[in-house]
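If you read the protein sequences in the order shown, they are chains V and G.
Mapping the first sequence onto the working numbering, position 102 (from 1) lands on 102, and the numbers just tick up by one.
Start counting at 1 in the second sequence, then tack on 1000, and there's your number in the working numbering.
Think of the hints as simulated: they come from the structure by calculation, not from any bench.
Note that the coordinates shown come from a computational prediction; the quantities given were computed from them, not determined experimentally.
For every residue, glycine included, the Cβ atom is placed at its ideal position computed from N, Cα and C.
There's no promise every hint is true.
To be verified - Computed footprint of chain V on chain G; a stretch qualifies when at least three of its residues, placed anywhere within it, have a C-beta under 8 Å from a C-beta of chain V:
#: 1; stretch: 1025 to 1037
#: 2; stretch: 1149 to 1157
#: 3; stretch: 1165 to 1173
#: 4; stretch: 1179 to 1191
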Amino acid sequence: MRALFGLMAAAVLCGAIISVPAQAQERSAVRPGFVLPPQSGKKILLLRPSVRVAEQSTGGMAEPRAEWTDQARENIDAALAELQRQLGNTVIAAPEAYGEDARRVAEHQALFAAVSRAVIEYQFFVGNRLPTKKRDNKAGQFDWSLGPDVGKLPGADQADYGLFLLTNDHYGSTGRKMLQIVGLVAGVGVTSGVHAGYAGLVDLKTGDLLWLNADGQMGGDVREPDGAMKRVRQLLEDFPGSAIPKEVAVAEAGPEAKP
Amino acid sequence: MIPRTFSAIAALLVVALLPSAATAHKLREQGVVVTIADSALTVAPPRDWNRLDGNIGKHVETWTLDGGQLNDLTFFAGIEPGKPLVRERSKKREPLPRFSASTLLVELPELFEATYRSAKELADFRVTEVQPTRFLERDGVLFRYEYVDPDELTRKGEAHAAIISGRLYMISFDAPRLHYFDRNIEDYRRIAQSARLP
């Protein structure tokens, strides 16, 4: 209990001395000049989504939870199977990869995640833009790439574009949620949980990122079928040529932020 | 309970401070000679770079083209004997290896590896090549390395280092093995070639 009071005092102090400015945050972008009309005849290779679910300790450390991850993967696969028909163009599933092919796919997924994080951190987060990227923005640039090796991915020779999807969720433990409540009382934002989702369309010849929808705090509890559907809808809502309607009310934070 | 609470408070402070702190990356313009980390070391970048804001060490600064995740060019501009290469998160719980007056050129790759393993929490780091070189017009060492970050992305790197008047001068570059390393390794080498120390 003494520790809890100490914590509250610290949170109040933080609230009193720190004023966090609200920064504009973008979530999606399209490479200038890229258009993908519905029924364009182009083929989209859907790579197997990268799905991770972990539990977040009081201090914020992530501990992977295999059973949550398996459940989320199943839910996301089901949601995708339903929604991919509404993407407006032919979607083909990437073939199962083995050995060297599987390693190559995993490395490209990891690179896609790193590029997405860089876009969020240094382009979407307006107050933190790199000076060279600021100048690019003035010229309407969105210039990011995974490189031409994407053309070697299994199934890439059968399609024009590759669709990468990634979700990474950390659900707050009881201790973390308590810390969040203390922060709320004191007026200091403490995030309980991470709910990152990135969806990106890549040119399979050049590796250039043509469209990206990426956010560190998405809605939908991927451990539940409805939540996974919400997450996948949110990931694909701005997809070029898509007929998927936008979510009416997009959660600003993760599902736990709601009472 | 108490240490855990302190960690939580520290995390709270970090979260609260982050948005207002990370706003001052600086442009490093093509052809303009600049000093590194307030030292006598200068470079003349052959293309525009961004100097990342952030205090990772007294004599250290990091430049990037697309973000630290995708290209990380770090200068170590005169590390003094007895000091680690970068600032320690916790001297007590997570101490970093130190450069010392008796450190030899051939031991620098090992010092770099131990620092990376600890500071970046790496399980997999390999020095793939070590060879003598000339750096800052003195005898130096060039080494190449490869590692896998906790984000499961394999990165390749190259570094040039020399010990001058008892201090360590080094420039390192690392980037994802896929696409990014090959795309910018020559940009790094040209910066290393442009480095001068009076």
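Now the hints, each set against the structure:
Beta-carbon proximity to chain V at under 8 Å applies to 3 residues in the stretch 1025 to 1037 of chain G; the threshold of 3 is reached and the given coverage holds. Here's how the stretch 1149 to 1157 of chain G fares: 4 of its residues keep a CB closer than 8 Å to some CB of chain V, so the rule of at least three is met and the hint holds. For a cut-off of 8 Å, the count of residues in the stretch 1165 to 1173 of chain G with a CB near a CB of chain V stands at 0, and the three-residue condition is violated. Figure legend: the stretch 1179 to 1191 of chain G, annotated as covered by chain V; annotation consistent (3 residues with Cβ-Cβ distances under 8 Å, at least 3 required).
The structure shown violates just one earlier hint, number 3.
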